[in-house]
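The listed protein sequences derive, respectively, from chains A and B.
Sequential numbering of the first sequence, starting at 1, is according to the numbering used here.
Sequential numbering of the second sequence, starting at 1, is according to the numbering used here.
Bear in mind the hints are in silico, worked out from the structure with no lab data behind them.
Because the structure is a prediction, the values reported are computed rather than measured.
Treat each hint with caution, since some may be false.
Partial list, derived from the structure: chain B residues whose beta carbon lies under 8 Å from chain A [to be verified]:
1. 3
2. 79
3. 81
4. 98
5. 107
6. 134
7. 175
8. 178
9. 206
10. 207
11. 265
Backbone N, C-alpha and C define an ideal beta-carbon position, used for all residues, glycine too.
Here's the letter readout for the chains.
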Amino acid sequence: MTKICILDYGSGNVGSVNNLIKYLNYECIVSNDIKEIENSSHIILPGVGAFGAAMQKIKKNIPIDTLKNEILIKKKPFLGICVGMQVLADKGEEFGEHDGLGWIKGKVIKLNSRILPHIGWNDIIIKNNSAIFNGLDKHRDFYFVNSFHFDVQEKNLIIAETEYDQNFCSAVQKGNIIGVQFHPEKSQKTGQILIKNFLNLK
Amino acid sequence: MKKKRLIPVLLLKNGYLVQSKSFKFYQNLGNPVQAVKRLSQWGSDELIYLDISKGSNYDIERDDLKYKNSSNFLSIIKKVSEVTFMPITVGGKISNLFDAEKRLEIGADKISINTAALENPNFIKSLAKEFGSQCIVISIDIKLIDNKYRIFSHGGSKETDYDLEEWIDILEQHGAGEVLINSINRDGSGTGYDLNLLNIVSKKAKIPVIACGGVGKWEHFHEALSETRVDAVAAANIFHYVDQSVYLSKKYLYEKKLNIRKPDLIEI
Chain A
1 MTKICILDYG SGNVGSVNNL IKYLNYECIV SNDIKEIENS SHIILPGVGA
51 FGAAMQKIKK NIPIDTLKNE ILIKKKPFLG ICVGMQVLAD KGEEFGEHDG
101 LGWIKGKVIK LNSRILPHIG WNDIIIKNNS AIFNGLDKHR DFYFVNSFHF
151 DVQEKNLIIA ETEYDQNFCS AVQKGNIIGV QFHPEKSQKT GQILIKNFLN
201 LK
Chain B
1 MKKKRLIPVL LLKNGYLVQS KSFKFYQNLG NPVQAVKRLS QWGSDELIYL
51 DISKGSNYDI ERDDLKYKNS SNFLSIIKKV SEVTFMPITV GGKISNLFDA
101 EKRLEIGADK ISINTAALEN PNFIKSLAKE FGSQCIVISI DIKLIDNKYR
151 IFSHGGSKET DYDLEEWIDI LEQHGAGEVL INSINRDGSG TGYDLNLLNI
201 VSKKAKIPVI ACGGVGKWEH FHEALSETRV DAVAAANIFH YVDQSVYLSK
251 KYLYEKKLNI RKPDLIEI
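Construct the complete structure from the given sequences, taking the supplied hints into account.
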């Protein structure tokens, strides 16, 4: 049975993600409790704000060993959103260098664009097909808010890119681990399709 | 490619959705939660809610309007964020970190600051440090007097000493994420944006600029998006008077080949 656990480390848009999943009629809990993480079928790590601050809160509030066991060993589908995607990297360069979770090789660096932050609706260019893109033939616009991007080392893990004065990785996937730079919970219909696809992953 | 944004502004006075003209005249336009459902269906890119009530008295239990008024601004925002899946900016009456946190907690994605930033620019810095620049919108109320753009605080009632370009520099240095430009002269006039003002600001700013004030017809959105570098066009009155307003304006702009999200009526 699909049972979603949204991790809450005290960084922003947990409520919006929860609202959307409830709206889609799935069973969902916001929790960092070891039992709840173990009992869930899908795990979501939302996020807004800066890399270093997010990592600090994650280390403090989330049982990382449990998370590693559920995601890296048991291979439960995992979705990191925005900063929740960026922390998958080895390191982040926002406000000084910080260590990330290091589940996907690469570094989070500043976008090289004239106007920052990159705010608003932008489309994704699919680089490698993934089940999370099912049904997104007409709708490819997602809502972004970012000044940094994940410079993924193994380019074959990049499943989508987005253009903003430069091309950057807007979605990455390594098996059951998925990260998206945009906010599906704020992307109306397009976001709902993507979240449904994620929840259909086994 | 990143799209230009179309943003309806909802002005809330004592819990009611109202219209404004030169920051002065108000007329009740109905229930703000019903309004947001319409604006979602018509495919708005995001929404801005501004609380323009004077004082803190929200007690207006009127029965003669045939619908129950949700008199508390924050409870309205909470309801709105549960039914709409797009970014919401909330402004008005934010003067400390606690006010900001309260609004972000109940579902706002960004907060808009005006007077409190002018009184103490370091407030922008503490907000950015605590919540991130991405959620800090600085709103500037500007009036053209003797051919010079003057910045006003306190809902357009008090002139400040800041020079416009100087203020843009300061707010960027302090970590603002976006800037919302309101022309007091054009507010509610329907005569179009102050394109000269938008040009000055959008050439100067290194953060996204949102234009506001003066839209009376769809062409005015087109002018701002094609003749200036603004990232987004916002308007209040026009979006609440015309049925399917957002959809129709987007359709107009899309057919004119402007870089916006494809117009769509969304079933919710």
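Hints, one by one, checked against the model:
no. : hint : result
1   : 3    : 5 Å, holds
2   : 79   : 11 Å, violated
3   : 81   : 7 Å, holds
4   : 98   : 16 Å, violated
5   : 107  : 6 Å, holds
6   : 134  : 5 Å, holds
7   : 175  : 11 Å, violated
8   : 178  : 6 Å, holds
9   : 206  : 6 Å, holds
10  : 207  : 7 Å, holds
11  : 265  : 11 Å, violated
Checked against the numbered hints above, the structure violates hints 2, 4, 7, 11; every other hint is satisfied.
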